[in-house]
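Chain by chain, the residues run as shown.
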Amino acid sequence: MAMKPEDVLGVIAAARGDAVCVPTMTTAPAWRTIAPDDLSVGCVGFMGGASSLGLGLALARPDRRVLVFDGDGSLLMQLGSLATVAGAAPRNLVHFLFKNGVYHTSGAQEIPGGGGVDFVLMAKGAGYRAAYTIDDLAELKRRLPSLLAEEGPILVELHTGLADKTPMTAGMGTPFHQQVERLRGELTGA
Amino acid sequence: MPESIPAPLIIDTLKDTFREARVALAAEGVRTRHDHLGWILSVPDTHQKTVLAALDKERALRVLTCSTEDEANAVAAGLWMGGEPFVLMIQHAGLYASINTLRGVAMDGRVPIFYMIGLLSREKDKDPRESRHSMVRYCEPLLDLFGVPHARLEGPDDVHLVPEYYRLAQKRRGPAAVLVGLETS
Chain A
1 MAMKPEDVLG
11 VIAAARGDAV
21 CVPTMTTAPA
31 WRTIAPDDLS
41 VGCVGFMGGA
51 SSLGLGLALA
61 RPDRRVLVFD
71 GDGSLLMQLG
81 SLATVAGAAP
91 RNLVHFLFKN
101 GVYHTSGAQE
111 IPGGGGVDFV
121 LMAKGAGYRA
131 AYTIDDLAEL
141 KRRLPSLLAE
151 EGPILVELHT
161 GLADKTPMTA
171 GMGTPFHQQV
181 ERLRGELTGA
Chain B
1001 MPESIPAPLI
1011 IDTLKDTFRE
1021 ARVALAAEGV
1031 RTRHDHLGWI
1041 LSVPDTHQKT
1051 VLAALDKERA
1061 LRVLTCSTED
1071 EANAVAAGLW
1081 MGGEPFVLMI
1091 QHAGLYASIN
1101 TLRGVAMDGR
1111 VPIFYMIGLL
1121 SREKDKDPRE
1131 SRHSMVRYCE
1141 PLLDLFGVPH
1151 ARLEGPDDVH
1161 LVPEYYRLAQ
1171 KRRGPAAVLV
1181 GLETS
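One line per chain: the protein sequences are A and B, in this order.
Anchor point for the first sequence: position 153 equals 153 in my numbering, and the numbering is continuous, going up by one each time.
Remember, my numbering sits 1000 above the position in the second sequence when you count from 1.
Read the hints as simulated data drawn from the structure, not as lab findings.
C-beta: ideal position from N, C-alpha, C; glycine also.
Please note: incorrect hints may appear among the correct ones.
Covered, in the sense of this in silico footprint (three residues per stretch, anywhere, with C-beta under 8 Å from a C-beta of chain B), are these stretches of chain A [said to hold, decoys possible]:
#1 43-49
#2 80-93
Part of the chain A face toward chain B, derived, beta carbon under 8 Å [as the list claims (entries may be wrong)]:
#3 L59
#4 Q109
#5 M122
#6 R184
#7 L187
#8 A190
A short, non-exhaustive set of chain A residues, derived as facing chain B with CB atoms under 7 Å [stated by the list, open to error]:
#9 S52
#10 L53
#11 L55
#12 G56
#13 L57
#14 A60
#15 R61
#16 F176
#17 H177
#18 V180
#19 L183
#20 T188
#21 G189
Just chain A, with the same shape it has in the complex (with noise of 0.2 Å):
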C-alpha cells in the first residue's frame, strides 16, 4: 500500500535536524504545515526546479545537508538534472522523490509511462552514489537515520499516494522572494 505523503514528511521532519529542505508541488502544502517556521524554499512555478535549487543550495552551503522533496512529474521535466546532480557529486544531497504516477497539481493526469518509470536506475545510471527504493513507512523510519548520514548524492524514490492538498487546493503559500530573502538570510546572516 502507498505511503501517505503527509505521513512521510512527518517521519522526515522528525529526523531532518538541521537540514536545508526544499518541496515542490504537493509536498509544498503539508510542508508548511509539519514545518511552517524553518530552513525550507519551496519549487512552485519553475517545472521541475527542485533538485537544481537543492544542487545550488548543497554546492554554496557544503557544511549543511540539503533534502530535496521532489515529484516524479516534475522531475520528468528537468529530468537532465540527474546527470547535472551527479556531475556535481554534492556530497550533502539527498534527493527524495515521491512517485505517485500522475501530476497531482494539474488534475491527477498520469505522467508519461505511468507507474513503470524506474527512477532508481536512471539515478544510478546518471552517476548518483546510491539510490533506493523505500514503499513503506515503518522501512522508511528504520532506514531515515543511515540515509540522511550517507554521502550523496542519494534519490530515495519513495511510492506514495495523492497528498490530501495541492497548491491549487490549499494556495501557493509565502511568495518565493520572501522565501527567498528569509532563507538567505538565515544561511548567510546577512
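Following the hints, complete the assembly by docking chain B onto the known chain A.
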C-alpha cells in the same frame, strides 16, 4: 568592429568582478565557505567556447556545466541563498528555452542573475535586431519584453560592461544581461 574578444580578457574581468562581489558580500555580513572566487554556470555556448575552454584550467573559478539553462537558473538561486557569487554563460537559444525559469527565479524570486548570452550567427555588419536569423533578431526584444536590462559586448573595449551589469543585477535584485555579440578568441 573588432574581430573577436580575447578569452583571457573576459576571464580576468570575471575574476575582478567576483573579487568585487566578495568584498560586497563581506560588507553585507556574508561569510564564504569556499576558497574560489565564484561560479560559472554554463550550458555550452559556441560563441564563448574559447572562454569555456580556458576556464577548464582555472582554479579560482568553479565551472558547473548544466544540462539545461532551466537548471542553471535554479542552481543560481541556490547559490544566491548560500551567499555565493555566480555568472550564467549561455546562448540565445538557451535564453528562449529557459524564459519561464528566468521569470520564475530571477524575476519573481528577485535573484540577481547576471547572464552572458552568446549571439551565435550574429552578422558583424548588421544590428542584431535586423539579423536574418530569428534566434539573433528576437533576443533583445525578448529581454525588453521581460524588462531585463541588457548591453552588447562587441569588442575588447566593452568588457567594462561585465562588472557594470553584474552590479546592476545586484542593485535591482533581478536579471541583467550582456550579449556577447562576437566570438571570443
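Original post:
Once the shortest beta carbon distance from A60 (chain A) to chain B is found, is it less than 7 Å?
Top reply: holds (2 Å)
Original post:
Should the hint that L53 (chain A) touches chain B count as held when the rule is a Cβ pair under 7 Å?
Top reply: holds (5 Å)
Subject >> chain B contact restraint for L57 (chain A) - C-beta distance below 7 Å >> reply: holds (4 Å)
Original post:
Taking the closest Cβ pair, is R61 (chain A) under 7 Å from chain B?
Top reply: Constraint on R61 (chain A) satisfied, holds at 4 Å.
**OP:** Let me know if the C-beta of L183 (chain A) comes in closer than 7 Å to any C-beta of chain B, holds or violated.
**Re:** With Cβ-Cβ at 5 Å, under 7 Å, it holds.
Original post:
Does the interface hint hold: is G56 (chain A) within less than 7 Å of chain B, judged Cβ to Cβ?
Top reply: holds (2 Å)
**OP:** Against chain B, run the beta carbon of Q109 (chain A) and see if the smallest gap drops under 8 Å.
**Re:** At about 20 Å, which exceeds the 8 Å cut-off, the nearest Cβ of chain B leaves the hint on Q109 (chain A) violated.
Original post:
Can the hint on L187 (chain A) be confirmed by a CB-to-CB distance to chain B that is less than 8 Å?
Top reply: holds (6 Å)
Subject >> Restraint satisfaction for R184 (chain A) [CB to CB of chain B, less than 8 Å] >> reply: Given a least distance of 4 Å, the restraint on R184 (chain A) holds.
**OP:** Examine the region 43-49 of chain A: at least three residues should have C-beta closer than 8 Å to a C-beta of chain B.
**Re:** Coverage by chain B holds here, the residue count being 6 at a Cβ distance below 8 Å.
**OP:** Classify the hint on L55 (chain A) as holds or violated, based on whether any CB of chain B lies nearer than 7 Å to its CB.
**Re:** The hint holds - L55 (chain A) has a Cβ within 7 Å of chain B, the shortest such distance being about 5 Å.
Original post:
Can F176 (chain A) be said to touch chain B, with a Cβ gap under 7 Å?
Top reply: holds (5 Å)
Consistency with the previously given hints fails for numbers 4 and 5, ordered from lowest to highest.
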